[in-house]
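Kindly produce the complete structure, drawing on both the sequences and the hints.
There are 2 protein chains.
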Amino acid sequence: MPRYNPPVRDTRFILDRVLKIDNYADLPGFANATPDTVTAVLEEGGRFVAEVLFPINHSGDQQGCTRHPDGSVTTPDGFKEAYQQFVESGWGTLSAPEQFGGQAMPHVVSTAFQEYMISANMAFAMYPGLTHGAIEALLAKGSPEQQEKYVPKMVSGEWGGTMNLTEPHCGTDLGLIKTRATPNADGSWSITGTKIFISSGEHDLTSNIIHLVLAKTPGAPESSKGISLFVVPKFMVNDDGTLGTRNAVTCGSIEHKMGIHANSTCVMNYDGATGWLVGEEMKGLAAMFIMMNAARLGVGLQGLGIGEVAYQNAVQYAHDRRQGRALTGAAEPEEKADTLFVHPDVRRMLMEAKAMTEGLRALCLWGGLQVDLSHKAASEEERQLADDLIGLLTPVIKGVGTDAGYRIATDSQQVYGGHGYIAEWGMEQYVRDARIAMIYEGTNGVQAMDLVGRKLAQNGGRAVQTLFRIVTEEVAAAKAEPELTHLAEALEKANGQLQAATMWFMANGMKDPNQVGAGAYSYMELMGTVAIGLMWLRMADAAVAALAEGDDEAEGGRAFYEAKLVTARFYADRIMPNAGALRRKIESGAETIMALPVEAFGV
Amino acid sequence: MPRYNPPVRDTRFILDRVLKIDNYADLPGFANATPDTVTAVLEEGGRFVAEVLFPINHSGDQQGCTRHPDGSVTTPDGFKEAYQQFVESGWGTLSAPEQFGGQAMPHVVSTAFQEYMISANMAFAMYPGLTHGAIEALLAKGSPEQQEKYVPKMVSGEWGGTMNLTEPHCGTDLGLIKTRATPNADGSWSITGTKIFISSGEHDLTSNIIHLVLAKTPGAPESSKGISLFVVPKFMVNDDGTLGTRNAVTCGSIEHKMGIHANSTCVMNYDGATGWLVGEEMKGLAAMFIMMNAARLGVGLQGLGIGEVAYQNAVQYAHDRRQGRALTGAAEPEEKADTLFVHPDVRRMLMEAKAMTEGLRALCLWGGLQVDLSHKAASEEERQLADDLIGLLTPVIKGVGTDAGYRIATDSQQVYGGHGYIAEWGMEQYVRDARIAMIYEGTNGVQAMDLVGRKLAQNGGRAVQTLFRIVTEEVAAAKAEPELTHLAEALEKANGQLQAATMWFMANGMKDPNQVGAGAYSYMELMGTVAIGLMWLRMADAAVAALAEGDDEAEGGRAFYEAKLVTARFYADRIMPNAGALRRKIESGAETIMALPVEAFGV
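Chains as they are written, first to last, in the working numbering: chain A, 101 to 703; chain B, 101 to 703.
Keep in mind that a hint or two might mislead.
A pair counts as met if it fits within one copy or between any two copies, since identical chains are not told apart.
Claimed, not checked - Here are the simulated lysine-lysine pairs, BS3-like style, with alpha carbons at most 25 angstroms apart:
no., residue 1, residue 2
1, K436, K325
2, K476, K611
3, K120, K579
4, K383, K436
5, K278, K436
6, K253, K120
7, K180, K579
To be clear, the hints were calculated from the coordinates, so they are not data collected in a lab.
The structure is reproduced here in structure tokens:
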């Protein structure tokens, strides 16, 4: 059976020495995030997920959710009790506003906790995860009455939340949705239609579920411009906050999926269900994008979370399993065989996993901080900068993070050899769970198109120019430090490839947008290589500083920082060479991709 | 539900115009492979697998195998009947020797049929697949009496066969096996021990199962040099060929696996089972390697087979599903949305799948032909050449082929968006099934070590020098043809990267073998890029010739060949750029991979 040890030491390193969150102590909420508080959150939160959520991860996968003939859904054994503990200990309230019962901690801190929760039990983490998305939308677009009515009990975890976008015939192309909303006399709306792939759509963890639903109002145009957002509670909520009658929204069936078996993925039937408009009519998509952007960062974090736990177990197995001898001669002649750790190709997989998980952790926490700064930074200029950067890199974190999570899970399974393929060892679950993150909240191909088709060009390319400038400046500063020169040069080169590819898009995309579409995915990967490279440069820089200070007090001592420097070099040597190949693929253009008629594919 | 259409047109193109098997008509067996016979085999064989095996693929996955309290195992509904039809129509006898009831067809032809069988139902195909491996070992090392006793009924399919290598504590490192064989007075041996991960170890398809088992004889050294091979029938075979008493070999349990649910993966308990030595005592590993090399090519073919069927379904879905609009404006304004085919990033995935499956098909069939030539070519020189090349490229076909199969299955699933994650659509099964091929018959990391640690250096590097020479000569010849120049130049460059990496290994490996081990996987990928690139050069060359001849009679007409030329350019533009990155990774050496102490990984 797998194990999980929350990487508190690494999180602390990133928060304290890379992001230096104490620099922001005078911003709202950051005062709550003193080093002691953050340490307590990470350690106690880590203990909670490891002790309560992790033990029901594998059993939850094996048992799955069950829909009953009356449409109710029960989660696997132990989930209800664990959720109760989750609510009671307040883990869902970390970064919610104080006025609605939250702890008002910075987003960057709750991001750190979410990673741990995903590692411990991704299917479980999705229940509060969806609730948070719904809270975000209500806070952004809901009326004060709606906020007061729904948000406090969603923050506490007493009620759950969902996002209802997809329908059988449309996922990405939401302009095609058929769900209809017709106005009632009392100001409410009557919602009718079928939604599919609704995560956490029905379950037994909460006493009510607040659905946020996209629908079209009478006369709305047949495009994404005609979409409105509604709040539809499973149980009507009386004015005194008690639950009223059951609304006409039911779970028609649950899906049998490749993974995340313990999260109920529902077909939701709205049969004249009562709902209320959230925000303005026909402005629903913008509201939904608020949820979606937050959700996409959360999905990127799923790549990290699954990658981390899979990697930890591969390390343990490589340490325990003896097979073969070191190429340089027996490392432990007194044993019948050496451990897997002596084999360079096993280490290659472990080092790739280490470099990518630690790099992604830095990138995800950096992203969490940008979310904070985009709302809370002191100057408009700083808020703008943070908003630009997180807007640009959200699709990269989602796309590159989840691709990496799947690859790390696959490689970690590979370390186990045949045992990795057997269910009881638990590794194949990580691969199956990681797989969905590349698909939902917009497939990774959709992320790539969001990046090149929307984010790149916004405000005249301001965001990407900012990224280039930051990388260039930090590379220039780092080159002077001998320990950083190698990585700085590799990053400079990759940044050059990214700039060249950007120029190529500008030169060719106006004439033929397919030239950009054909290179979009490689471009996303290239920007991810640069962004994670930047994180490694910052981590290496922080490690050099810590070593110079003689910081050997914390867990791991000097060896922790020395390992960072080795891993940074590994990233430069073994990951960054991809940048040149990606640029060449992009610059080969659309011709061979678009040339063939459909018949040539055999349809 | 998925569909499957055997790619007969493409197979014929490769056999007829790329490999030109009619050039070999005077070699033993090839006279049986007239164009008409081969066409009949491909079309009828393709129809058989599509109509009989494919319909029980998804149901077989859902139902899986069942072990009963008495140790017997039943396969999923329909498997027994399908197997009966398989035996009756003689599909298992294609390339077996005539003296044992086979049709003595060339291996290259049965390879083509095996691809189809895997695409239709990989779990099913493993039953006769393992039998063939056992036949190979008996034909190579068994006594004439053993061959006469077992082989005819294994060829006919009346009996099955298995390979028993792995034990709970050892897979790759077979020197550690504990299964013991002690001699009986009558010349037989008594076998005791536990074997795990035994594919097709127990089932209800055949009346007898012939196990080939590795065990150690008394006094054998504690290394792979002390291993002997035994034949252990499930039921003893009387002198008249009838079945006698049940042998003391039983299935202790079956594994619950990520995929290939319809193939029984057994723990086999040998409790003083009666067996007979195959070949010489303590020479068992060499005998097993005969099975294993054939099996590795068969596993590479699994990568191709699953990749092909997954790709076909992704194409169909991209054709059927309407979502969004072409970047260049609505392609079908009268419809509410365009098909997925208009989106460059969807096409990117489909083109990658097309380029890799067609390239792998050429490589696998080329490999099948080398197996034929290594036995049957007229001169010792030609046999040697074929043996060198297939020895070198067997780990590449296995490693690169199965990595590609998994990637193609994953990308094809991705084309389906959310539906790809749902079991009933059938795409997630392909990912789960494809995954095992990267692990068994030696993990792909073991393949990489076989390539760089054994195959490269054999006979003073003769095989790899031969490969370099062939690529160089064909590139030089192709450059003169305008349609081929682009690919030829890309291949020349990649071949240069491969040569440089080989030189780097030679210069650095003697001092420190970890320098080679650290680059082994990238080297395998690089050689695969070159080998498949060579196949694309040959296919493009054949397409140019066919177009010049005005060949527009066969299915697809000129468009078939024109698509080959586009796909060849795609391969040059979008796959070959990886070669430079792979070389750079190799030449970065072992330092960052081997530097960290185990503690730095958190154990």
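Quick rundown of the hints versus the structure:
no. : hint        : result
1   : K436 / K325 : between (69 angstroms within a copy, 15 angstroms between copies)
2   : K476 / K611 : neither (41 angstroms within a copy, 57 angstroms between copies)
3   : K120 / K579 : within (22 angstroms within a copy, 58 angstroms between copies)
4   : K383 / K436 : between (68 angstroms within a copy, 21 angstroms between copies)
5   : K278 / K436 : between (66 angstroms within a copy, 12 angstroms between copies)
6   : K253 / K120 : neither (33 angstroms within a copy, 73 angstroms between copies)
7   : K180 / K579 : neither (54 angstroms within a copy, 68 angstroms between copies)
The structure does not agree with the numbered hints 2, 6, 7 stated previously, though it agrees with the rest.
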